[in-house]
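Student: Quick mapping for you: the protein sequence lines, in order, are chains A and B. Using my numbering, you'd call the opening residue of the first sequence number 1 and step up by one each time. Using my numbering, you'd call the opening residue of the second sequence number 1 and step up by one each time.
Please note that the accuracy of each hint is not assured.
The list that follows gives simulated cross-link-like pairs (lysine-lysine, DSS-like), each with its CA atoms no further than 25 Å apart [stated by the list, open to error]:
id : chain 1 : residue 1 : chain 2 : residue 2
1  : B       : Lys233    : B       : Lys26
2  : B       : Lys74     : B       : Lys119
3  : A       : Lys18     : A       : Lys159
4  : B       : Lys69     : B       : Lys5
5  : B       : Lys6      : B       : Lys213
6  : A       : Lys117    : B       : Lys104
7  : B       : Lys156    : B       : Lys68
8  : B       : Lys119    : B       : Lys104
9  : A       : Lys117    : B       : Lys74
10 : B       : Lys213    : B       : Lys233
11 : B       : Lys184    : B       : Lys213
12 : B       : Lys68     : B       : Lys104
13 : B       : Lys68     : A       : Lys50
14 : A       : Lys50     : B       : Lys69
15 : B       : Lys68     : A       : Lys117
Note that these hints are calculated values from the structure, not bench results. Nothing here was measured: the structure is a model prediction, and the numbers come from that model.
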Amino acid sequence: MWGFYFNELMRSLPFFLKGLWMTVAVSGLSLVLGTIIGFVGGILRAGRNKPARMIVGAWVDLIRGTPFLVQIFVIFFILPGIGIELEAFPAAVIALTNLTASFITEIVAAGIIAVPKGQREAATASGLSYYQQLRFIVLPQAIRTILPPLVGQYVLLVKDSSVVSAIGVVDITRVGWLTVQRIPEGLMVFGLVGLLYFAICYPLINLSGFLERRMTVVSTKL
Amino acid sequence: MISYKKVNKWFGELHVLNNINLEVVKGEVIVVCGPSGSGKSTLIRCINRLEPIQEGELIVDGMAVHDKKTNMTKIRAEIGFVFQAFNLYPHMTALGNTTIAPIKVRGMSKAEAEKLGRKMLTRVGLADRIDHYPAQLSGGQQQRVAIARGLCMQPKIMLFDEPTSALDPEMIHEVLDVMRDLAKEGMTMMAVTHEMGFAREVASRVVFMDEGKIIEIAPPNDFFTNPQTDRGKYFLQSILTH
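One chain only, chain A, in its complex shape:
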């Protein structure tokens, strides 16, 4: 029986690859958008404008303090109530981007704040403007602190993307749910699902570890 189901599963492989592609698409888009928004958020969060700091801080707390599943339901089911209709795919990307951006905001802000105050003072004393300081003095140093946890966050992003299956996006997890109804070998089916996630995440985990070692070496050398 097991062999029969295994052959069935192998025949469904194209379906799984489609799911894999969907996971990559949702995660990849959210990764790019979330990184951009997260850097802007982090710069504001560590910035000198108090209202901006507070607004960004409140947003981060709100997103970190609520389950992702609930956030995605809010975006997918509740927004139409106020006249904003969204397809499952854009709703998934928006929710995941929002989640990722909030975490990256914290990572970027922490990296900026970790740059010693004397760096800013020296730059101020030589007449560099606030944004010149950020661009040439603070961010290049902060990026060493930011990069390893940033890539770590990408791993979480790929894994969290499985939640988008709840609103009907046919990602790997959804493909697993649909397949298991035909092939009632849960372990086998979700074993394959897990393996596919791992295939994306494992290189990222290694990259994060590599960056961490490299950044440590660089900062002790400098």
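Using the hints provided, position chain B relative to the given structure of chain A.
Tutor: Frame of chain A; chain B shown alone:
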């Protein structure tokens, strides 16, 4: 060149600058000394508004630093500032450290700025360390890069905030030598330092502070041999006998 009129500043309850009046003319070398917490650093950090003052007038090279509307970029570009902790940019070479402000603030071309940077690094005796990163340099060398960085803005005033306090004893002299040369070339300088040999040799006047007030202002020989206040006498005794 630098003019304090009834300058006051508080850090919360602490009256860190208490009714400061001081005129520094072009070419003068002022050494500021006093016990820790007496407001010495704050006194010079106000000049380029690293610390804003709360009351009084502070005019630097004809520009009103106390006025919130004054654009500080221009004033800051004309004042070199050397910190106790060097504060070099660790991700840039010695040359990079000296050229960033001339390029970004003065709008110099990269080639022009690098020519200037090399000249200033050579002047502080670091011609062979131009492409080194700060972590590859000793404390004394780092502080000399910091001085060269200040000089690259071709400043009218150089400010030093305890420039030798973080250095090993054998490196102090190499920094003081550079400062001495600058003073002899006629640079207007204010230096917070307890290097009394330096003060005796090049200072035009010594400013002695305590608890946010200027207690004495005198030529170095007068101050060191015959301080007018008990506080000054006590301070001199404690630093000379340490």
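Student: Each hint: holds or not?
Tutor: Hint check results:
1. Taken as a hint, the Lys233 (chain B) and Lys26 (chain B) pair is broken in the structure, with Cα atoms around 29 Å apart against an allowance of 25 Å.
2. For a cut-off of 25 Å, the pair hint linking Lys74 (chain B) to Lys119 (chain B) stands: about 23 Å separates their Cα positions.
3. Distance hint between Lys18 (chain A) and Lys159 (chain A) is fulfilled; the C-alpha atoms sit about 17 Å from each other, no more than 25 Å.
4. Taken as a hint, the Lys69 (chain B) and Lys5 (chain B) pair is honoured in the structure, with Cα atoms around 18 Å apart against an allowance of 25 Å.
5. Restraint check for Lys6 (chain B) and Lys213 (chain B): satisfied, since their Cα atoms lie roughly 11 Å apart, inside the 25 Å limit.
6. With a CA separation close to 20 Å, the supplied pair Lys117 (chain A) and Lys104 (chain B) stays within the 25 Å bound.
7. For a cut-off of 25 Å, the pair hint linking Lys156 (chain B) to Lys68 (chain B) stands: about 22 Å separates their Cα positions.
8. With a C-alpha separation of about 19 Å, the suggested pair Lys119 (chain B) and Lys104 (chain B) falls inside the 25 Å cut-off, and the hint holds.
9. Of the supplied pair hints, the one linking Lys117 (chain A) and Lys74 (chain B) holds, its CA atoms being roughly 22 Å apart against a limit of 25 Å.
10. In summary, the hint linking Lys213 (chain B) to Lys233 (chain B) is supported, as the alpha carbons are separated by about 16 Å, within the 25 Å threshold.
11. Using a Cα cut-off of 25 Å, the hinted pair Lys184 (chain B) and Lys213 (chain B) is violated, with the two alpha carbons roughly 29 Å apart.
12. For a cut-off of 25 Å, the pair hint linking Lys68 (chain B) to Lys104 (chain B) stands: about 23 Å separates their Cα positions.
13. As the CA atoms of Lys68 (chain B) and Lys50 (chain A) are separated by approximately 19 Å, the hinted pair is consistent with the 25 Å bound.
14. Distance check on the hinted pair: Lys50 (chain A) and Lys69 (chain B) sit about 20 Å apart at the alpha-carbon level, within 25 Å; holds.
15. For the suggested pair Lys68 (chain B) and Lys117 (chain A), the alpha carbons sit about 22 Å apart, so the restraint of at most 25 Å is met.
Checked against the numbered hints given earlier, this structure breaks hints 1 and 11; the rest are met.
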